[in-house]
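Number of protein chains: 2
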Amino acid sequence: MRDYHVAIVGATGLVGQEFIKILLQRGFPMASIRLMASDRSAGRKLPVGNREIEVEETTADSFEGVEIALFSAGAEQSRYFSPLAAKAGAVVVDNSSAFRTDKGVPLVVPEVNPEDIRLHKGIIANPNCSTIQMVVVLYPLHKVNPIKRIIVDTYQSVGGTGIAAVEELKTQARQVLEGQVTIPHVYPHQIAFNVLPEIDVFLDNGYTKEEWKMLEETRKIMHADSIAISATCARVPVMIGHSEAVHVEFSRPMDVDEARQILSRAPGVRVLDDTAISLYPQAWSAAGTDETFVGRIRQDASHPNGLAMWIVADNLRKGAALNTIQIAEEMIKRDWVKPEGGQ
Amino acid sequence: MRDYHVAIVGATGLVGQEFIKILLQRGFPMASIRLMASDRSAGRKLPVGNREIEVEETTADSFEGVEIALFSAGAEQSRYFSPLAAKAGAVVVDNSSAFRTDKGVPLVVPEVNPEDIRLHKGIIANPNCSTIQMVVVLYPLHKVNPIKRIIVDTYQSVGGTGIAAVEELKTQARQVLEGQVTIPHVYPHQIAFNVLPEIDVFLDNGYTKEEWKMLEETRKIMHADSIAISATCARVPVMIGHSEAVHVEFSRPMDVDEARQILSRAPGVRVLDDTAISLYPQAWSAAGTDETFVGRIRQDASHPNGLAMWIVADNLRKGAALNTIQIAEEMIKRDWVKPEGGQ
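Line order of the protein sequences matches chains E and B. Heads up: the first sequence begins at 1 in my numbering, then just goes up one per residue. Heads up: the second sequence begins at 1 in my numbering, then just goes up one per residue.
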């Protein structure tokens, strides 16, 4: 297996930093690595293992010689630069929402739909953080007993918004503890010691885009257009780690023990479920880990075919950087780096 | 209308303190007020308006001459002292879980089932905080279009646990901000910058007692045993104010505008719902207020007869002290202080 010329676009962001950490931790086959960001960050030097690498400004000409480009610089940047990178011969794995619902772009969670990688034409989309951790857990159950309906309410950390949001939470928390007034900048209202049911923009149907992503992306990844889905996505004063209360209706009754058994063998999933010792997934302890944790698995009292559960993952890792890199690894392993049909 | 001899049991707790504030704010018809608590707090003096009143230890003989006793001292205390208070001639309005599911004890939210007060035999139960705010909003809709199923996931503040929990959250938040290790005392795990899907004890069916209360109490208050209900209750790092993501299935389709109109006329309810200006209920701004706030009202994308919404209230006020006092006020107004059938 050969090494690849890799570029990270958005290298100075929270996810960009995770990209660097995870590439090194996993020994990703890199022949070279280049760090790109906006002109504001260009010239900064970032540690990559023992080296220091200077951040370059992302430009139309940046992608010459790049084979794999990991993007996490926001949808606007992705929309502009990803096609240029693909044209220059790179495969883009994009963590933004820019291409996720495009029919020609695979949207991939390696534990769920790795085969879709093969269909790429130079761009592969990484799903939304909240969606990834949910489908990693639900798909193995769905294969055994098809899911008909999902209701999910999220408890999302501010880390998903970026570094400025983490700082805002810390600053506001200090201010509240000292009896001072807080002034929101990143979010429309105070996030410290508060809950905001608003993530991404509002759509005309009253849902937020974040909530609607969970519906559209789950169906696309699981190849299951008929699953009914409703989500309420809320921001909670947590730094890293998204939690989700999930209520699932299956085609037939699903025994709790059967679900636990299936999930204990499921790739990327770790069952933490022993109420006798208050063992269940938590954002605080999931931060910095690679697995998706599930617990509180119980028969849903409101439906004969229902299960309720609690799902948590590190939104910067499995919810973003890790899944993006896993897509690249899978693509390499299966020798699908060249777009289907060759170039 | 005459004045009544009132006692507060659990006067030094968070809800006890709210009792005092709200009785004064509303000009409750008090001939006298006595403050009771455990022997640890006996002798302490608490401000009641301009006066200072000494806290007495609650004993079997405490209730001589008391006409209305507001209890918020935990289920164990209520189970022991409430029957003694009732026997001594007082009507107990009890904020604990001790009697809520007893068939002979009315469980009342004045906006929903005030008529049930009449059936008391000396004890009236105040529902669980999470249940109260949900039924205040759902009942007016249910009357128009009967509800078949409710899925609710909560974001509950630590204030419901008590003063020690609020202090623990503040202490842990400071420790995290200063990079120190936290040690949990009140909760089994760290609550600062974390979410814990555990409120009250676990039952054999995998639900917590808090979650099961929402099922049992909602049915009892709404006189609707056939409503299917499932809840996940989670503790979030918020001081005061519970938030709830609620997904409701009605018997027939329910238009969003119709729901908003019904709710804008509903007693105790305030609609805060304008996504264009990020207007929706928030725990932070609900704290200290008397209303139950609802927003994010939208057609539930997962069911043709469904609505999704976001409900928030001050769990110490409408969720506890205020509702308890409203029960007492309603009882006085309707001249039901003497148990039905007289004494």
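Some hints could be false.
[Stated by the list, open to error] DSS-like cross-link-like pairs, simulated, lysine-lysine; straight-line CA separation at most 27 angstroms:
| # | chain 1 | residue 1 | chain 2 | residue 2 |
| --- | --- | --- | --- | --- |
| 1 | E | K170 | B | K121 |
| 2 | E | K45 | E | K333 |
| 3 | B | K148 | B | K338 |
| 4 | B | K103 | E | K148 |
| 5 | B | K143 | B | K103 |
| 6 | E | K333 | E | K121 |
What the hints contain is simulated information worked out from the structure, not anything from laboratory work.
Consistency of the hints with the structure:
About 51 angstroms separates the Cα atoms of K170 of chain E and K121 of chain B, which puts this hinted pair outside 27 angstroms; it is violated. This hinted pair does not check out: K45 of chain E and K333 of chain E have alpha carbons roughly 31 angstroms apart, beyond 27 angstroms. Annotation: proposed proximity of K148 of chain B to K338 of chain B is violated, straight-line Cα distance about 36 angstroms (limit 27 angstroms). Distance hint between K103 of chain B and K148 of chain E is unfulfilled; the C-alpha atoms sit about 37 angstroms from each other, more than 27 angstroms.
As the CA atoms of K143 of chain B and K103 of chain B are separated by approximately 23 angstroms, the hinted pair is consistent with the 27 angstroms bound. Taking the CA atoms of K333 of chain E and K121 of chain E, the gap is near 18 angstroms; set against the 27 angstroms cutoff, the hint holds.
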